[in-house]
Amino acid sequence: MYAFKYHQPKTVRQAANLLAKFPEAKVLAGGHSLIPVMKLRLASPSDIVDINKVEGLSGVEVKGRSVVIGAMTRHFEVAGSQTLKDVLPALAGVPGSIGDPHVRHRGTIGGSVANNDPNADYPAACLGLGATIITNKRRIASDDFFTGMFSTALAPDEIIVKISFPVAKKAAYQKFKHPASGFALVGVFVSKRGPDIRVAVTGAGSNGVFRVTSFEEALKKRFSPKSIEGMTVTAEGLNTDIHASAEYRAHLIGVLARRALAAA
Amino acid sequence: MPVVSMTVNGKAVSADVDIRTLLVQYLRESLRLTGTHVGCDTSQCGACVIHLDGKAVKSCTTLAVQCEGSNVLTIEGLAAPDGPLHPMQEAFRENHGLQCGFCTPGMVMAAVDMVNRKGNELDEHTIRQELDGNLCRCTGYHNIVKSIAAGAKAMKGSSQAA
Ligand SMILES: Cc1cc2nc3c(=O)[nH]c(=O)nc-3n(C[C@H](O)[C@H](O)[C@H](O)COP(=O)(O)OP(=O)(O)OC[C@H]3O[C@@H](n4cnc5c(N)ncnc54)[C@H](O)[C@@H]3O)c2cc1C
Ligand code: FES
Ligand code: FES
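Residue numbers (the working numbering), protein chains in the order written: chain A, 1 to 264; chain B, 1 to 162.
Don't take each hint at face value.
Here are the in silico distance ranges between beta carbons for each label pair [to be verified]:
# : chain 1 : residue 1 : chain 2 : residue 2 : range
1 : B       : Arg128    : A       : Ile242    : 42 to 48 Å
2 : B       : His96     : A       : Ala180    : 24 to 30 Å
3 : B       : Thr34     : A       : Lys177    : 31 to 37 Å
4 : B       : Met1      : A       : Thr232    : 34 to 40 Å
5 : B       : Glu29     : A       : Ile242    : 32 to 38 Å
SDA-like cross-link-like pairs, simulated, lysine to any residue; straight-line CA separation at most 20 Å [to be verified]:
#  : chain 1 : residue 1 : chain 2 : residue 2
6  : A       : Lys177    : B       : Thr42
7  : A       : Lys53     : B       : Ala154
8  : B       : Lys118    : A       : Ser97
9  : A       : Lys39     : B       : Gly39
10 : A       : Lys5      : B       : Gln25
11 : A       : Lys177    : A       : Ser58
12 : A       : Lys192    : A       : Val161
13 : A       : Lys39     : B       : Ile19
14 : A       : Lys5      : B       : Ala15
15 : A       : Lys170    : A       : Glu247
16 : A       : Lys10     : B       : Val65
17 : B       : Lys55     : A       : Ala263
18 : B       : Lys118    : A       : Ala79
19 : A       : Lys137    : A       : Ser58
20 : A       : Lys39     : B       : Lys118
Treat the hints as calculated values from the structure; they're not laboratory data.
None of these values were measured; they are calculated from a predicted model.
Beta carbons: idealized from backbone N, C-alpha and C, even for Gly.
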């Protein structure tokens, strides 16, 4: 890995000031996306702003009709939160499918959302539940947050502080795991909260996570697998790689959406 | 270069390191604890698994400076230097849970963490799922799974349980 300077701020404000001061700096959370790419010299930040010692960034809390999760909450903490299992089990199930136990001990929800890997699980959960990403500067609706593969609406000196998920009555996530990497070949998160119906897909789109509006429309009548029986999505704009063709991914979206609806 | 201090296998240690030193490099190169292995450069193989403040982590994906003040347990610290093997190590020996042995330190550290989280009665399905982050190129896993089930049972009531 290339050399860098290391900073260990104690507060979000100090961290943001460091990011503003050093334009080539990067936040370090769990490090399970950033350190691998630094080791491969695919990233070479001038400065690392390690936020592991910043207090008050982790925990799962119910606030009114939402669940608020701190950015530094590790995957295993989210997976093990009884509070979350009680109020929003579909979300509690997501981190348990991420990577392996060692990855889950370090990786954080904020890091996963900020990274917006096109095959990551949490972006689907955010978009599929209509979460709000809360930063040191503002609140960003997930519909506006994920702007493309590995890119988000975050400004260079903006830090995710927490994420607020509205509690949906019905929700479920179905993931078709790549057998070697464990990442989602395709993953579909569905939810219904009053009139707000969401079907979010990860792993398939060449611009990252997206919503399937045709399915959402059809589900307005009845939130059930029957409502989208026989419906398909076009392979246009989906990824083809060594693991799967765009056509196969398009097929999986229909299958997984129906499975998720059956489970919701 | 900053001095990084932590507790490794119960002993306070410190060494001068370049900021970009990974925890695994610190353990192997500065402390000469070469039981922890490096099997990949993509954070996937688990040969480097150690316990950081009581939890299994990949020491190849953590910076040494991040571990300032932390408590680290490596394969060398599992059993006393001249005492009997830790029950999990003994179970790997009894059940032929290794061939070349390269993955073994990571497997054993992951196995002990598994017992810490899931208890002493582990079925085959659970063990296989929990081994997602540990790759073995030799054994085909069968005897590793057997070793872990036996080691988990043997850890019950053992004073050595890490
Ligand atoms: C072997 C392996 C398997 C994996 N499998 C999966 C999988 O199946 N599914 C999946 O979804 N993921 C998977 N991952 C990725 C894992 O979940 C990462 O932990 C996660 O993507 C990044 O979180 P992190 O806390 O480690 O972030 P880091 O690596 O520390 O940071 C990632 C990026 O986000 C930025 N960042 C971090 N926190 C913040 C913040 N609070 N505000 C602003 N920017 C921030 C960083 O600057 C960096 O650019 C896997 C990783 C590995 C190594
Ligand atoms: S060396 Fe392969 S995961 Fe750490
Ligand atoms: S025993 Fe050789 S890699 Fe596992």
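Do the hints match the structure? See the list:
Remark: the range hint 42 to 48 Å for Arg128 (chain B) to Ile242 (chain A) is contradicted by a beta-carbon distance near 25 Å. One distance hint, 24 to 30 Å for the beta-carbon pair His96 (chain B) and Ala180 (chain A), holds here, with the actual separation near 26 Å. Between Thr34 (chain B) and Lys177 (chain A), the C-beta spacing of about 34 Å keeps the proposed range 31 to 37 Å intact. Checked against the given bound of 34 to 40 Å, the beta carbons of Met1 (chain B) and Thr232 (chain A), roughly 59 Å apart, lie outside it.
Remark: the range hint 32 to 38 Å for Glu29 (chain B) to Ile242 (chain A) is upheld by a beta-carbon distance near 36 Å. As the CA atoms of Lys177 (chain A) and Thr42 (chain B) are separated by approximately 18 Å, the hinted pair is consistent with the 20 Å bound. A C-alpha spacing of about 38 Å is found between Lys53 (chain A) and Ala154 (chain B), which places the hinted pair above 20 Å, so the restraint is violated. Using a Cα cut-off of 20 Å, the hinted pair Lys118 (chain B) and Ser97 (chain A) holds, with the two alpha carbons roughly 17 Å apart.
The hinted pair formed by Lys39 (chain A) and Gly39 (chain B) meets the criterion: a straight-line CA distance of about 14 Å does not exceed 20 Å. With a CA separation close to 18 Å, the supplied pair Lys5 (chain A) and Gln25 (chain B) stays within the 20 Å bound. A hinted pair counts as satisfied when its Cα atoms are at most 20 Å apart, and Lys177 (chain A) with Ser58 (chain A) does not qualify at roughly 27 Å. This hinted pair does not check out: Lys192 (chain A) and Val161 (chain A) have alpha carbons roughly 26 Å apart, beyond 20 Å.
For the given pair, Lys39 (chain A) sits about 13 Å from Ile19 (chain B) by alpha-carbon distance, which is consistent with the 20 Å threshold. Between Lys5 (chain A) and Ala15 (chain B) the alpha-carbon distance is near 18 Å, which keeps this suggested pair within the 20 Å criterion. Restraint check for Lys170 (chain A) and Glu247 (chain A): the C-alpha separation of about 29 Å exceeds 20 Å, so the hint is violated. Restraint check for Lys10 (chain A) and Val65 (chain B): satisfied, since their Cα atoms lie roughly 15 Å apart, inside the 20 Å limit.
With a CA separation close to 33 Å, the supplied pair Lys55 (chain B) and Ala263 (chain A) exceeds the 20 Å bound. Proposed proximity of Lys118 (chain B) and Ala79 (chain A) is supported: the alpha carbons are some 14 Å apart, at most 20 Å. Pair hint Lys137 (chain A) plus Ser58 (chain A) holds up; C-alpha atoms about 18 Å apart against a cutoff of 20 Å. Annotation: proposed proximity of Lys39 (chain A) to Lys118 (chain B) is violated, straight-line Cα distance about 32 Å (limit 20 Å).
Violation of the numbered hints given earlier is confined to hints 1, 4, 7, 11, 12, 15, 17 and 20; the remaining hints are satisfied by the structure.
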